[in-house]
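Going down the list, the protein sequences come from chains V and H. Following this note's numbering, the numbering of the first sequence begins with 1 at its first residue and continues without gaps. Following this note's numbering, the numbering of the second sequence begins with 1 at its first residue and continues without gaps.
To be clear, the hints were calculated from the coordinates, so they are not data collected in a lab. Predicted model, so just to flag it, every value in this text is computed and none were measured. Positions of the beta carbon are idealized from the N, C-alpha and C atoms, including for glycine. Be a bit skeptical, because a hint or two may be false.
Said to hold, decoys possible - One-sided and incomplete, this derived list gives chain V residues near chain H with beta-carbon spacing under 8 Å:
1. Leu7
2. Phe10
3. Ala14
4. His24
5. Ala27
6. Ser31
7. Gly34
8. Ala38
9. Tyr40
10. Ala44
11. Gly51
12. Glu55
13. Gln157
Now for the letters of each chain:
Protein chains: 2
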Amino acid sequence: MLAYGELLAFDRMAADARLAPDLHRRAALSSMAGVEIANYNRLAARLAALGADPEQAMVPFVEPLREYHDQTEPKDWLEALAKAYVGDGVADDFFREVAGFLGSPDRELVLDVLHDTRYDEFACAEIRQAIAEDPTVANRLSMWSRRLVGEGLSQAQRVAAERPALAMLIIEGTGDQAGVMALLKRLTTAHTTRMAELGLNN
Amino acid sequence: MLAYGELLAFDRMAADARLAPDLHRRAALSSMAGVEIANYNRLAARLAALGADPEQAMVPFVEPLREYHDQTEPKDWLEALAKAYVGDGVADDFFREVAGFLGSPDRELVLDVLHDTRYDEFACAEIRQAIAEDPTVANRLSMWSRRLVGEGLSQAQRVAAERPALAMLIIEGTGDQAGVMALLKRLTTAHTTRMAELGLNN
């Protein structure tokens, strides 16, 4: 799931780079896309080392992730940045939690490929500056972010329903249903903090 | 020019990866795009070290290269591969010739960032296999390649006319007009050889 997520992140950042208002920002986002594809290659190599065919392993996640992205196509540069920061932020927090249930070397690999903070700093700075220049942007991006989280949750429920092994990993990792609820609470709190940092309303 | 070419090559390969018939090929082309953006970063760093603003240095080449790509938008996976192999093949040969006129470390840097052979082998194998499966593909891709070279030459003449310093570098590097003609002859011969290797008619 993470491997396919990286392949998609590459694809999306490369496409979003075209929305960049100048060559400098375009090169910056393109370079970040380059990091995603390098991460993909590390995960694919690990899947192959475990005896799995990376392509086969990724197939179940193609459809839910496509749905998510089809439903949340950014229509400008700021929406693209907010999607990468807010949407990927929730996803990364989730993967970090799951990494804690894995043994070495998978735990370290997952933590290592999660988005580096360079991108977050870049996206945050761009969004804050846009809000400073035009405060109405905050309202538009707040609504956009709520839509991102709603679509994300909807696809996550679908994946959990179709992949009982993944759902079990999380239930066993957290201990019980109360553990799952605590995990969801941590994800929600982190998301609210990220939104507040951007000057957006949850 | 080469820096902007790398940024565009990244952009194009990333977009073409979406045309890939399966996840394996998509990941392969995406990874090659990752190499292009790493090359871009090396060239931009060198421009900055020379005291130039990379963005300003690239601006004159944005329009001619955009025109070339707008006029040669691949409509399927094979056209995308042929464009990268045939079109970039001519461009790479040209940059290799120009590299010979430069001193260190620019000569080595340019030679180093030119397309690695991994991509050529990949594109060649895909095109040859497609022709083996359907011989009519050869005719279609031959016509496509002639169009690529025609559009490329047209934009190259435009750049040469607008950038006398670049034209002078080539004339001084080759020695005289006869030297320029000999350079063009080498580019043409190499292009004909590449076409023949693919099973295409020049």
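So, going through the hints one by one against the coordinates:
1. Leu7: Holds, because the Cβ-Cβ distance from Leu7 (chain V) to chain H comes to roughly 6 Å (cut-off 8 Å).
2. Phe10: holds (5 Å)
3. Ala14: With a minimum Cβ separation of about 3 Å from chain H (threshold 8 Å), the hint on Ala14 (chain V) holds.
4. His24: With a closest approach of 5 Å, the His24 (chain V) hint holds.
5. Ala27: holds (6 Å)
6. Ser31: At about 5 Å, which falls below the 8 Å cut-off, the nearest Cβ of chain H leaves the hint on Ser31 (chain V) intact, so it holds.
7. Gly34: holds (4 Å)
8. Ala38: Ala38 (chain V) check passes; min Cβ-Cβ to chain H is 6 Å, inside 8 Å.
9. Tyr40: holds (6 Å)
10. Ala44: holds (7 Å)
11. Gly51: With Cβ-Cβ at 17 Å, over 8 Å, it is violated.
12. Glu55: holds (5 Å)
13. Gln157: violated (24 Å)
Checked against the numbered hints above, the structure breaks hints 11 and 13 and satisfies the rest.
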